[in-house]
Amino acid sequence: DTGVSQNPRHKITKRGQNVTFRCDPISEHNRLYWYRQTLGQGPEFLTYFQNEAQLEKSRLLSDRFSAERPKGSFSTLEIQRTEQGDSAMYLCASSLDSVAYNEQFFGPGTRLTVL
Amino acid sequence: DQQVKQNSPSLSVQEGRISILNCDYTNSMFDYFLWYKKYPAEGPTFLISISSIKDKNEDGRFTVFLNKSAKHLSLHIVPSQPGDSAVYFCAAPNNAGNMLTFGGGTRLMVKP
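Protein sequences appear in the order of chains R and Y.
At position 83 of the first sequence the residue is numbered 83 (our numbering), and the sequence of numbers has no breaks.
The number in our numbering is simply the position in the second sequence, starting from 1, with 1000 added.
Be a bit skeptical, because a hint or two may be false.
Distance condition first, Cα-Cα at most 27 Å in a straight line; then the derived DSS-like pairs of lysine-lysine [what the hints assert, rightly or not]:
(1) K71(R) x K57(R)
(2) K57(R) x K1054(Y)
(3) K1005(Y) x K57(R)
(4) K11(R) x K1037(Y)
(5) K1071(Y) x K1005(Y)
If you want the footprint, here are the derived chain Y segments under chain R, 3+ residues with CB under 8 Å [to be verified]:
(6) 1039-1045
(7) 1072-1081
(8) 1084-1095
If you are wondering where the hints come from, they were derived from the structure by calculation, not from laboratory data.
Virtual Cβ for every residue (Gly too), placed ideally from N, Cα, C.
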């Protein structure tokens, strides 16, 4: 399968714990995005990488959140000191980089539940 | 502020009939729009798009209409099939193309 993959698919944690999610984009895609989706809402942009450079961050990305893409391939999203409000679906997407807009391909998401 | 809005959280349609999903936007800088479809336990998948230089784009059973003066777009599915039952999101990229702004989604149920 050559689509975007995310691991784990589900994560249940206790408030205050740290969690880390992984995203593997489509191999030739140099753009990678993280979104968060809460129940009944559309996905909300969190951050964006072009290769290994993090170029855009939403104000939703508090200082407890950190994202990396160390070699310009897979990416990780870490949430420190989780809070119940962090419970959501975390979606990763990737796309090619070109002048024209390119479709973003989404992974299946990681569902986080903070107890 | 919600720059992209889908005011109908759900829509129920009989198989074979037309489904019309609506989307409104407030940001006049948006010049490209997309519709994504999402099944449970899967990520959104791209369905159809439209550039602001057009007012209609058709792909098989799916047609998107854009009314720039009203800042409104709609997705028509004809004929609707039970497999079309999913949540549909409209979205618009910022000018740099690195961030999508999504509407809240409309859950479509197509009854056999």
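Measure nothing beyond the straight line between the CA atoms of K1005(Y) and K57(R); if it is 27 Å or shorter, mark the hint as holding.
holds (22 Å)
Within the segment 1084-1095 of chain Y, is the number of residues with a Cβ closer than 8 Å to a Cβ of chain R three or more?
Since three or more residues must qualify, the claim that chain R covers the segment 1084-1095 of chain Y holds, with 3 doing so at under 8 Å.
Given the hint that K1071(Y) pairs with K1005(Y), test it: the Cα-Cα distance must not exceed 27 Å.
holds (11 Å)
Between K11(R) and K1037(Y), is the straight-line Cα distance small enough, at 27 Å or below?
With a Cα-Cα distance of about 24 Å, the restraint between K11(R) and K1037(Y) holds, given a limit of 27 Å.
Need the status of pair K71(R), K57(R): alpha-carbon distance at most 27 Å?
holds (19 Å)
Within the assertion that chain R covers the segment 1039-1045 of chain Y, do at least three residues meet a Cβ-to-Cβ distance smaller than 8 Å?
Three-residue rule met by the segment 1039-1045 of chain Y, so holds; n is 5.
Holds or violated: the segment 1072-1081 of chain Y covered by chain R, criterion of 3 or more residues with Cβ-Cβ distance under 8 Å?
violated (count 0)
Are the Cα atoms of K57(R) and K1054(Y) separated by 27 Å or less?
violated (31 Å)
Of the numbered hints stated above, those contradicted by the structure are hints 2 and 7, listed in ascending order.
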